[in-house]
Amino acid sequence: MADASEKKPILQFAPFQSVVDEGFWHRLSSLKLNKLGIDDSPVPISGFYAPCSHAQVSNHLTLLSESLPTEASEQAACTSSVSLGNRNKCSVPGTIYNTNTLEGYHALDKQSLLKAEAKKIWDDIHSGKALEDSAALSRFLIISFADLKKWNFYYWFAFPALVLEPAATLVGIKPASQWLSPEEAEYLSAACREWRNSNLTADVPFFLVSIASDSSATIRHLKDWEACKGNGHKLLFGFYDPCHLPHNPGWPLRNYLTLIFIKWNIRRIHFLCYRENRGFADMGLSLVGEALISVPEVWKDLNSVPNAVGWEYNMGKKGSKCVNLAKAMDPTKLAIAAADLNLKLMRWRALPSLDLNVLSATKCLLLGAGTLGCQVARMLMAWGVRKITLVDSGKVAMSNPLRQSLYTLNDCLNGGEFKAISAVKNLKLIFPAVEVEGVVMAIPMPGHPVPSEQEESVLNDCRRLHDLINSHDVVFLLTDTRESRWLPTLFSAASSKITITAALGFDSFLVMRHGAGPFSTSNNLKTQTLSGPPESMDTASLSDNNCLQRLGCYFCNDVVAPIDSTANRTLDQQCTVTRPGLAPIASALAVELLVGILHHPLGIYAEGEHANAKISANYEQPLGILPHQIRGSLPQFSQITLVGHSSRSCTACSETVVSEYQDRGMEFVLQAINHPTYLEDLTGLTDLMKSASSFDVDWDKDDDDDDFVEM
Amino acid sequence: MSNISGDGTLTPGEFRVAAFAFAVRWKSSVSAFPPWSWLSPPKHPWLSNEVDGYLALENVCLLDSSEENHAGRCTGLEDPNCSGDDEPIDDATLVQSCRDDFRYYDFHVIYDSSYRVPVLYFRAYSGDGRTLLLSEFEGDLPADSSEALVKSKWTFITQETFYHGLQEHPYLNRPWYKLHPCGTSECMKLLFQSDTSIRATSGAAELYLLSWFSVVGRMVGLSIPYQMMKCENDT
Ligand SMILES: [Zn+2]
Numbered sequence: 001m002a003d004a005s006e007k008k009p010i011l012q013f014a015p016f017q018s019v020v021d022e023g024f025w026h027r028l029s030s031l032k033l034n035k036l037g038i039d040d041s042p043v044p045i046s047g048f049y050a051p052c053s054h055a056q057v058s059n060h061l062t063l064l065s066e067s068l069p070t071e072a073s074e075q076a077a078c079t080s081s082v083s084l085g086n087r088n089k090c091s092v093p094g095t096i097y098n099t100n101t102l103e104g105y106h107a108l109d110k111q112s113l114l115k116a117e118a119k120k121i122w123d124d125i126h127s128g129k130a131l132e133d134s135a136a137l138s139r140f141l142i143i144s145f146a147d148l149k150k151w152n153f154y155y156w157f158a159f160p161a162l163v164l165e166p167a168a169t170l171v172g173i174k175p176a177s178q179w180l181s182p183e184e185a186e187y188l189s190a191a192c193r194e195w196r197n198s199n200l201t202a203d204v205p206f207f208l209v210s211i212a213s214d215s216s217a218t219i220r221h222l223k224d225w226e227a228c229k230g231n232g233h234k235l236l237f238g239f240y241d242p243c244h245l246p247h248n249p250g251w252p253l254r255n256y257l258t259l260i261f262i263k264w265n266i267r268r269i270h271f272l273c274y275r276e277n278r279g280f281a282d283m284g285l286s287l288v289g290e291a292l293i294s295v296p297e298v299w300k301d302l303n304s305v306p307n308a309v310g311w312e313y314n315m316g317k318k319g320s321k322c323v324n325l326a327k328a329m330d331p332t333k334l335a336i337a338a339a340d341l342n343l344k345l346m347r348w349r350a351l352p353s354l355d356l357n358v359l360s361a362t363k364c365l366l367l368g369a370g371t372l373g374c375q376v377a378r379m380l381m382a383w384g385v386r387k388i389t390l391v392d393s394g395k396v397a398m399s400n401p402l403r404q405s406l407y408t409l410n411d412c413l414n415g416g417e418f419k420a421i422s423a424v425k426n427l428k429l430i431f432p433a434v435e436v437e438g439v440v441m442a443i444p445m446p447g448h449p450v451p452s453e454q455e456e457s458v459l460n461d462c463r464r465l466h467d468l469i470n471s472h473d474v475v476f477l478l479t480d481t482r483e484s485r486w487l488p489t490l491f492s493a494a495s496s497k498i499t500i501t502a503a504l505g506f507d508s509f510l511v512m513r514h515g516a517g518p519f520s521t522s523n524n525l526k527t528q529t530l531s532g533p534p535e536s537m538d539t540a541s542l543s544d545n546n547c548l549q550r551l552g553c554y555f556c557n558d559v560v561a562p563i564d565s566t567a568n569r570t571l572d573q574q575c576t577v578t579r580p581g582l583a584p585i586a587s588a589l590a591v592e593l594l595v596g597i598l599h600h601p602l603g604i605y606a607e608g609e610h611a612n613a614k615i616s617a618n619y620e621q622p623l624g625i626l627p628h629q630i631r632g633s634l635p636q637f638s639q640i641t642l643v644g645h646s647s648r649s650c651t652a653c654s655e656t657v658v659s660e661y662q663d664r665g666m667e668f669v670l671q672a673i674n675h676p677t678y679l680e681d682l683t684g685l686t687d688l689m690k691s692a693s694s695f696d697v698d699w700d701k702d703d704d705d706d707d708f709v710e711m
Numbered sequence: 001m002s003n004i005s006g007d008g009t010l011t012p013g014e015f016r017v018a019a020f021a022f023a024v025r026w027k028s029s030v031s032a033f034p035p036w037s038w039l040s041p042p043k044h045p046w047l048s049n050e051v052d053g054y055l056a057l058e059n060v061c062l063l064d065s066s067e068e069n070h071a072g073r074c075t076g077l078e079d080p081n082c083s084g085d086d087e088p089i090d091d092a093t094l095v096q097s098c099r100d101d102f103r104y105y106d107f108h109v110i111y112d113s114s115y116r117v118p119v120l121y122f123r124a125y126s127g128d129g130r131t132l133l134l135s136e137f138e139g140d141l142p143a144d145s146s147e148a149l150v151k152s153k154w155t156f157i158t159q160e161t162f163y164h165g166l167q168e169h170p171y172l173n174r175p176w177y178k179l180h181p182c183g184t185s186e187c188m189k190l191l192f193q194s195d196t197s198i199r200a201t202s203g204a205a206e207l208y209l210l211s212w213f214s215v216v217g218r219m220v221g222l223s224i225p226y227q228m229m230k231c232e233n234d235t
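Line order of the protein sequences matches chains A and B.
Per full-length UniProt numbering, residue 1 is the first one in the first sequence, and the count goes up by one each step.
Per full-length UniProt numbering, residue 1 is the first one in the second sequence, and the count goes up by one each step.
It is worth saying that the hints were derived from the structure and are not from the lab.
Bear in mind the structure is a predicted one, so any value in this text is a computation, not a measurement.
Mixed in with the good hints there might be a few duds.
Stated by the list, open to error - Okay, the calculated bits of chain A under chain B, using three or more residues with CB under 8 Å as the criterion:
1) 9-18
2) 164-172
3) 324-338
Claimed, not checked - Calculated Cβ distances over 10 Å to all of chain A for the following chain B residues:
4) P12
5) F20
6) V51
7) S113
8) P181
9) E186
10) L191
11) R218
All residues carry an ideal CB built from backbone N, CA and C; glycine is no exception.
Make the full structure from the sequences, and use the hints.
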């Protein structure tokens, strides 16, 4: 026959739930990297909790960045980041065991760790320390492994609870508002408010409540137990209850009961689960319960620590948790988000028609990775271009880093790294998400005969260049010699790729876009324009009948461009110095020009527009006009836009040259490389120059070649 | 508190006063949410901040009203290699079929000293502490806020609310969402111009934050109850 007490149900406690704020993992990561290294000894930490404040949700024990000790370097700055007396942040002591490997994490002896923490609680109860610092009753531990390569954090909490054997039974439990008289509830609420609003007590989670016969309520610290006992008052053992459930107390009560029994030998315990709403005591949510304890006398033995339980449940069963924080912590992902945000802001504020998708999808080929190439690559990335290929055969020289913005002295050491390699490396340092490739290759040049044994390798370079141009959407001509621009101009003209040239003199520059090739048709137009097609697409057909309307290329200017002031200037053939500001200006304009083309409905076929002209009335362009050529001069701080149409006798883009190339392919290219006058003869340039000389114009072939000393 | 300047901005001192007044009024008239608190994080010695703290409303648990959404949502990842059945069975542990799919919101109102206006920072996180991306929680935001506000003068803020990436929190140095302050002063100016008597009254700074929050709060699901706006003349 069972007696009455055995029929009573077992008092069941709702387990503590944990939440780890990202800031905790941030600081743990930096602590691991900067201070702890491979030292995996346990680290004392603080968790924070508060009384439940929501009728449907329990409060959590939370780990924040300030849960961890500050790093030495930060200590000067933040003397005490954990503010005392914060009512919503009751500090609870804990310990973290952070392992160096996942294997080490799995291999931890969890039962021993739990037992070790439970012993601390047991000892604190017996020594009386828990009466002074009651939060020690809720001491916890966490095991963790931080995978800083993938930003995965494995962790498992334990809230050690000393097990009462047999378990405590529940006599009854109900809302405090029902257990107390209305007067008592009112007095108790007022006393709680005072306790919770004082900096000295707000974060003390265990307390004694005594209610006198006149219903007045007093709240005291545990250490003031002597003042409460034997005065005939109702005595409630109160605690901040994180749990919201209407019939169960939360976890902190477990060790509290043990303390009450051990220290004061009380077996019938009235407890108050203190809960709040909007910062005030909520007597409907708070519970008062009555528990009975029957414990064997062996508990008096200090040396035998009772069994402990408390590993946290995850989704209803015991198990470790893992959280991936790559989105919030991976610097690459953060950089991408920040860069995207910047561009989006630009779109929202100033350029609603800005097409960021087009920019990020456009593949740019940069021929030359010197002053211009470095700067163009940076500008492209700033505009959101994400696919870049750099071609250069040179190595980084000691003089380069000052002007070529992608290199540092390190790139010059040991004979210098290839520019194409260094540029890739450094672009990725600037923005890890850029898809950049480097090609170490010299560009074959016309009029530079090659010995027959090298012919094959030169032809290989030609084919490689051809393939590179065809696999990109945009070609930038940024090489340091005039001749090296010829072959890519020809290839671009043959396949009508958007091509942009930037060239520098000592204190003047030219930036221009090439027109479409001579055989482009309206079919090409469809594929080339990136924005909506215009209504009259057929009229934009660019057959050889109206090729005069094609915009010229860099080489067309040789013959059709008017002889301007720069042509009269004598430039030292060997002199490749330019004013340092020139390359960044020209590079920036080259990229802005590309953005204009990509946003123009006609794309590569767009007419050349002049500043101040109103020919752009057909299409309202938020980015402004789309010029053909921009020439700038630093001495005058001036800049003019020019339009030059294609020349029938152009050595690179004329119908004659392109059709010759298309008929004879690499054989033609080789001939141009090996025979200095072949191109001039083919296009009739030779005759033209003779006639020019006869007019006694100040026009010299050699000088003309150095009109722009390219970098 | 004196009347505020007519350009829609606040001084740091006015912000502090306004913040305290706002928190007090919130506590007395908003029953659905916990109170705001003023947080003063330790100062970095090399940063001279004009305002010594910010308003915070944290751990706001917005219950998902649509029950059907709960199935299949999984917040914490389990590590399958690490389960613990070696612990003794304990009768006193309440095993809950716990509903762990709550989302929590933190809101901070921080003074922006370049725009000289309050800025709302916010973030959402799941039960495992992971900060959620806007795409993961925008379903929680009021459905009408985008539509209704797109047509109003607040369009600008709205767009940014919905498309903004994470920004660095000025005190916590971690990514948070924010409503960008660039349109705030203009809007506040308009709001106050429409009623010049408000601007002249003492307590206008207190009112500033209330008016401001009545607009920005709506966008993140924190509506100011009518009675909070109504009692403004009592101060
Ligand atoms: Zn040409």
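Status of S113 of chain B, Cβ more than 10 Å from any chain A Cβ
holds (20 Å)
Given coverage of the region 9-18 of chain A by chain B, checked by CB-CB distance under 8 Å (3 or more):
holds (count 7)
Any Cβ of chain A at or closer than 10 Å to V51 of chain B, or is the non-interface label fine?
For V51 of chain B, whose nearest Cβ neighbour in chain A is about 17 Å away, the distance exceeds 10 Å, so it holds.
Under 8 Å between beta-carbons, do enough residues of the region 164-172 of chain A, three at least, approach chain B for the coverage claim to hold?
This one holds; 3 residues, not fewer than the three required, reach chain B with a Cβ under 8 Å.
Would you check whether the claim that F20 of chain B is not at the interface survives, using Cβ distances to chain A and the 10 Å cut-off?
F20 of chain B is indeed farther than 10 Å from all Cβ atoms of chain A, at 15 Å.
Claimed clearance of chain A by E186 of chain B, with the beta carbon kept past 10 Å
holds (13 Å)
Does the claim that P12 of chain B lies outside the interface with chain A hold up, using a Cβ gap greater than 10 Å?
holds (21 Å)
Far enough from chain A: is every CB of that chain over 10 Å from the CB of P181 of chain B?
holds (13 Å)
Can you tell me if the region 324-338 of chain A counts as covered by chain B, using C-beta to C-beta distances under 8 Å and a minimum of three residues?
holds (count 7)
No chain A beta carbon within 10 Å of R218 of chain B's
With a cut-off of 10 Å, R218 of chain B remains clear of chain A, as the shortest Cβ separation is near 20 Å.
L191 of chain B clear of chain A by more than 10 Å, beta carbon to beta carbon?
holds (22 Å)
Violation of the numbered hints given earlier is absent; every hint is satisfied by the structure.
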